[in-house]
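Colleague: Read off the chains here:
Protein chains: 2
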Amino acid sequence: MTGEIIAVGTELLLGDILNTNAQYLSRRLADMGIFIYHQSVIGDNGERVRQELDLAFKRSDIVITTGGLGPTKDDLTKEIAGEYFHKKMILHKESLDLLKEYFKKQKREISENNRKQAYFPEGSIILPNDYGTAPGCIVNENGKILVLLPGPPKENIPMFENYVVPYLQRFSKDTLVSKTLRICGMGESTVVTKIGHIIDNQSNPTVASYAKENEVTLRITAKAKTKEEACSLIAPIEREIRYILGENVYGVDEDSLESVIGKMLIDNNLTIAVAESCTGGLLCGRLVNYPGISRALIEGNVTYSNDAKVRRLGVRPETLQMFGAVSKETAAEMAQGAARTSGAHIGISTTGLAGPGGGSAEKPVGLVYVGLYMDGKVYVKELNLSGDRQSIRNRTVTIALDFLRRKLISNSK
Amino acid sequence: MTGEIIAVGTELLLGDILNTNAQYLSRRLADMGIFIYHQSVIGDNGERVRQELDLAFKRSDIVITTGGLGPTKDDLTKEIAGEYFHKKMILHKESLDLLKEYFKKQKREISENNRKQAYFPEGSIILPNDYGTAPGCIVNENGKILVLLPGPPKENIPMFENYVVPYLQRFSKDTLVSKTLRICGMGESTVVTKIGHIIDNQSNPTVASYAKENEVTLRITAKAKTKEEACSLIAPIEREIRYILGENVYGVDEDSLESVIGKMLIDNNLTIAVAESCTGGLLCGRLVNYPGISRALIEGNVTYSNDAKVRRLGVRPETLQMFGAVSKETAAEMAQGAARTSGAHIGISTTGLAGPGGGSAEKPVGLVYVGLYMDGKVYVKELNLSGDRQSIRNRTVTIALDFLRRKLISNSK
Numbered sequence: 001m002t003g004e005i006i007a008v009g010t011e012l013l014l015g016d017i018l019n020t021n022a023q024y025l026s027r028r029l030a031d032m033g034i035f036i037y038h039q040s041v042i043g044d045n046g047e048r049v050r051q052e053l054d055l056a057f058k059r060s061d062i063v064i065t066t067g068g069l070g071p072t073k074d075d076l077t078k079e080i081a082g083e084y085f086h087k088k089m090i091l092h093k094e095s096l097d098l099l100k101e102y103f104k105k106q107k108r109e110i111s112e113n114n115r116k117q118a119y120f121p122e123g124s125i126i127l128p129n130d131y132g133t134a135p136g137c138i139v140n141e142n143g144k145i146l147v148l149l150p151g152p153p154k155e156n157i158p159m160f161e162n163y164v165v166p167y168l169q170r171f172s173k174d175t176l177v178s179k180t181l182r183i184c185g186m187g188e189s190t191v192v193t194k195i196g197h198i199i200d201n202q203s204n205p206t207v208a209s210y211a212k213e214n215e216v217t218l219r220i221t222a223k224a225k226t227k228e229e230a231c232s233l234i235a236p237i238e239r240e241i242r243y244i245l246g247e248n249v250y251g252v253d254e255d256s257l258e259s260v261i262g263k264m265l266i267d268n269n270l271t272i273a274v275a276e277s278c279t280g281g282l283l284c285g286r287l288v289n290y291p292g293i294s295r296a297l298i299e300g301n302v303t304y305s306n307d308a309k310v311r312r313l314g315v316r317p318e319t320l321q322m323f324g325a326v327s328k329e330t331a332a333e334m335a336q337g338a339a340r341t342s343g344a345h346i347g348i349s350t351t352g353l354a355g356p357g358g359g360s361a362e363k364p365v366g367l368v369y370v371g372l373y374m375d376g377k378v379y380v381k382e383l384n385l386s387g388d389r390q391s392i393r394n395r396t397v398t399i400a401l402d403f404l405r406r407k408l409i410s411n412s413k
Numbered sequence: 001m002t003g004e005i006i007a008v009g010t011e012l013l014l015g016d017i018l019n020t021n022a023q024y025l026s027r028r029l030a031d032m033g034i035f036i037y038h039q040s041v042i043g044d045n046g047e048r049v050r051q052e053l054d055l056a057f058k059r060s061d062i063v064i065t066t067g068g069l070g071p072t073k074d075d076l077t078k079e080i081a082g083e084y085f086h087k088k089m090i091l092h093k094e095s096l097d098l099l100k101e102y103f104k105k106q107k108r109e110i111s112e113n114n115r116k117q118a119y120f121p122e123g124s125i126i127l128p129n130d131y132g133t134a135p136g137c138i139v140n141e142n143g144k145i146l147v148l149l150p151g152p153p154k155e156n157i158p159m160f161e162n163y164v165v166p167y168l169q170r171f172s173k174d175t176l177v178s179k180t181l182r183i184c185g186m187g188e189s190t191v192v193t194k195i196g197h198i199i200d201n202q203s204n205p206t207v208a209s210y211a212k213e214n215e216v217t218l219r220i221t222a223k224a225k226t227k228e229e230a231c232s233l234i235a236p237i238e239r240e241i242r243y244i245l246g247e248n249v250y251g252v253d254e255d256s257l258e259s260v261i262g263k264m265l266i267d268n269n270l271t272i273a274v275a276e277s278c279t280g281g282l283l284c285g286r287l288v289n290y291p292g293i294s295r296a297l298i299e300g301n302v303t304y305s306n307d308a309k310v311r312r313l314g315v316r317p318e319t320l321q322m323f324g325a326v327s328k329e330t331a332a333e334m335a336q337g338a339a340r341t342s343g344a345h346i347g348i349s350t351t352g353l354a355g356p357g358g359g360s361a362e363k364p365v366g367l368v369y370v371g372l373y374m375d376g377k378v379y380v381k382e383l384n385l386s387g388d389r390q391s392i393r394n395r396t397v398t399i400a401l402d403f404l405r406r407k408l409i410s411n412s413k
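Protein chains in written order, with the UniProt record's numbering: chain A, 1 to 413; chain B, 1 to 413.
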């Protein structure tokens with residue numbers, strides 16, 4: 001079964017508000033096996049609503065509109081829907097009573113405008129609005145299902161969940177189950193090339209890749225009669241992808257690099273201290289995203305000045321003088337110093353040139369070193385990043401976390 | 001002039017991501033006098049892209065697409081656009097060179113997939129991508145203007161601002177000038193109520209409010225024959241708004257709280273040190289966003305454990321025992337300790353319960369203290385925040401920065 005979402009509202013076309021309804025409804029409908037093939041946004045204009053309904057029903061079985069159910073003259077989605085299906089508008093007494101009660105509660109008089117909110121295309125199923133004045137409705141005519149919902153998310157979402165989901169479930173024979181694999185340290189094009197044969201031959205399950213900031217996700221979605229059956233379709237595909245991508249797959253579903261690392265540290269009774277220069281606290285901030293981290297994180301040091309690197313971490317002034325603050329040597333001493341001065345098992349450090357100024361031919365903007373002290377050894381990774389100050393710093397944090405994750409895996413083997 | 005926006009991406013149809021590009025582009029185009037009559041979202045499917053282009057150009061003069069410029073087989077917006085206009089795909093050598101350079105810097109081999117990103121419909125204007133591998137392009141054919149932009153907002157927005165805006169401005173007879181006032185410490189509804197008479201009576205300039213995370217912006221846009229004329233229309237409105245909102249207006253246009261604070265610190269030869277508990281490095285990370293901050297920031301301490309608070313900052317064990325780590329007293333000693341141990345003029349601290357666990361009846365999740373040591377005095381601000389762990393931590397950082405900004409202003413008076 002395929003569907004479309006039409007949002008009616010000039011405020012969306014002006015960019016005054018974000019179309020969060022489209023995201024919410026699309027995701028929930030996909031969960032139910034109803035795939036949204038088209039979303040559109042149009043203004044509060046009768047002719048455009050009519051044209052869009054016409055186009056939508058040529059492509060899809062279910063059309064869901066949001067917005068245009070209010071009391072003003074501009075709100076005309078319901079009236080146009082009635083015309084589209086050649087239905088008279090009929091008063092729904094129960095809705096009028098609820099409206100009257102609503103206004104009485106607010107100590108206001110019901111206006112003539114509001115009365116129109118109780119009229120619906122003949123034969124509609126009425127959807128009560130538990131959080132506002134505009135009820136919705138469903139018109140099911142010759143296999144064309146039109147669902148009219150109000151625009152404000154706080155009215156739209158409960159109406160959808162409480163009244164539309166139970167109605168639509170009868171049309172869905174299959175269950176959909178998705179599993180997301182999270183990948184770090186490999187670009188989207190490389191991932192897609194490596195598992196090209198899986199993507200090319202997909203039907204059920206499907207495999208889709210998405211590039212997020214500094215990571216790639218692969219979503220495997222299976223359709224089956226039961227949840228168990230869907231999961232058993234996903235398992236061999238997941239196994240094959242994990243075999244091909246190896247350690248680049250760092251987690252699944254709601255995992256994050258920091259939650260995966262946090263769990264590994266705690267499970268192995270390891271403590272960590274952080275020493276940051278160019279990332280300025282962001283690396284430690286990412287670790288603290290994980291609520292349980294207090295059992296592993298001893299402290300963080302943002303040693304932005306040379307003086308702080310010497311005083312807080314014991315970096316040798318000779319090292320700074322001979323190799324500079326942005327060097328393999330300084331990164332190593334920062335990581336070691338972070339562990340030594342705090343008593344942590346592991347020390348991790350960053351030092352680099354995030355720009356925009358400060359670069360030279362020898363040491364250009366984007367040159368960053370990540371230091372890692374673990375089990376008495378120091379490892380340093382050199383990065384050459386492009387982009388602006390913020391993106392260099394964010395990518396450094398992700399690469400540093402991934403570096404730590406891989407070392408934790410190889411050291412526990 | 002009328003326009004449409006077509007977003008190409010299955011991840012939007014699945015509800016994996018929000019279509020923030022549509023909002024951003026619609027608003028900016030409206031500023032330029034180009035009204036968006038239609039937005040749509042379709043999947044990565046050649047036939048659907050073709051159909052949608054066809055429909056869009058029947059209704060509008062300018063069509064902007066987002067997404068589908070990546071290296072994979074799914075990414076086919078550009079190829080379909082070429083077919084639609086009956087144009088051959090031509091190699092743009094400069095783009096290929098930039099791609100090669102990009103991959104060389106990353107020490108990766110350019111894949112065959114990525115090479116296709118350097119091919120464009122013959123006669124296109126190429127739009128460089130300063131933040132990724134996918135260049136965009138503009139095809140202007142018999143008055144039909146098609147603009148192809150990449151999907152990720154961090155690539156899409158700068159490409160639009162730097163290359164598309166100057167191109168589209170030639171179609172507008174008037175010059176549009178916008179100035180954004182940035183407001184912190186006041187909610188959007190309060191701002192809008194206080195300047196209601198200005199918003200209600202607007203025509204030229206227009207005034208639009210936007211609620212961003214933890215701040216509000218007011219955009220004043222004037223239309224005139226020249227830039228100077230437009231600026232002189234903005235000036236009195238800006239003056240009036242500043243008079244009404246006072247110190248809540250912290251900056252304009254590209255300012256950020258951290259850049260405003262960074263400049264104030266440097267102008268006054270003041271140095272600062274940071275001590276963070278619940279924010280875990282994010283406060284210091286925000287300060288380091290400002291490139292010049294090395295002249296003012298001495299160091300940051302993420303003292304997540306009690307032990308680190310005592311050892312690094314000299315917080316008294318008695319204070320921690322009597323009042324707890326999340327207390328007015330600990331926040332004060334952390335701020336003072338950060339300044340004392342580093343020799344900075346100013347110390348700023350955070351300590352609080354970001355959740356999800358760890359709350360009690362007396363100290364619920366969301367209770368946060370911000371400490372500030374300045375000119376020999378200590379100030380503490382108590383916050384009671386709602387939301388999840390990440391939003392409590394982010395709001396704490398913004399409120400702490402705003403607290404610092406206001407004290408810097410009042411102390412310099």
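Please note that a few of the clues may not be correct.
Copies of the same chain look alike in the list, so a pair counts if it fits in one copy or across any two.
[Unchecked claim] As a list, the in silico DSS-like pairs of lysine-lysine whose alpha-carbon atoms are at most 27 Å apart: (1) LYS116 with LYS58; (2) LYS179 with LYS263; (3) LYS363 with LYS105; (4) LYS263 with LYS377; (5) LYS194 with LYS116; (6) LYS154 with LYS212; (7) LYS88 with LYS105; (8) LYS381 with LYS194; (9) LYS223 with LYS212; (10) LYS328 with LYS381; (11) LYS87 with LYS154; (12) LYS225 with LYS107; (13) LYS363 with LYS225; (14) LYS413 with LYS87; (15) LYS263 with LYS173; (16) LYS328 with LYS144; (17) LYS227 with LYS58; (18) LYS100 with LYS223; (19) LYS105 with LYS381.
Calculated from the structure, these hints are not laboratory results. Since we're looking at a predicted model, the values are computed, not measured.
Colleague: Tell me, which hint numbers fail for this structure?
Modeller: Numbers 1, 7, 11, 12, 13, 14, 15, 16, 17 and 18 - these are the hints that the structure violates, sorted from lowest upward.
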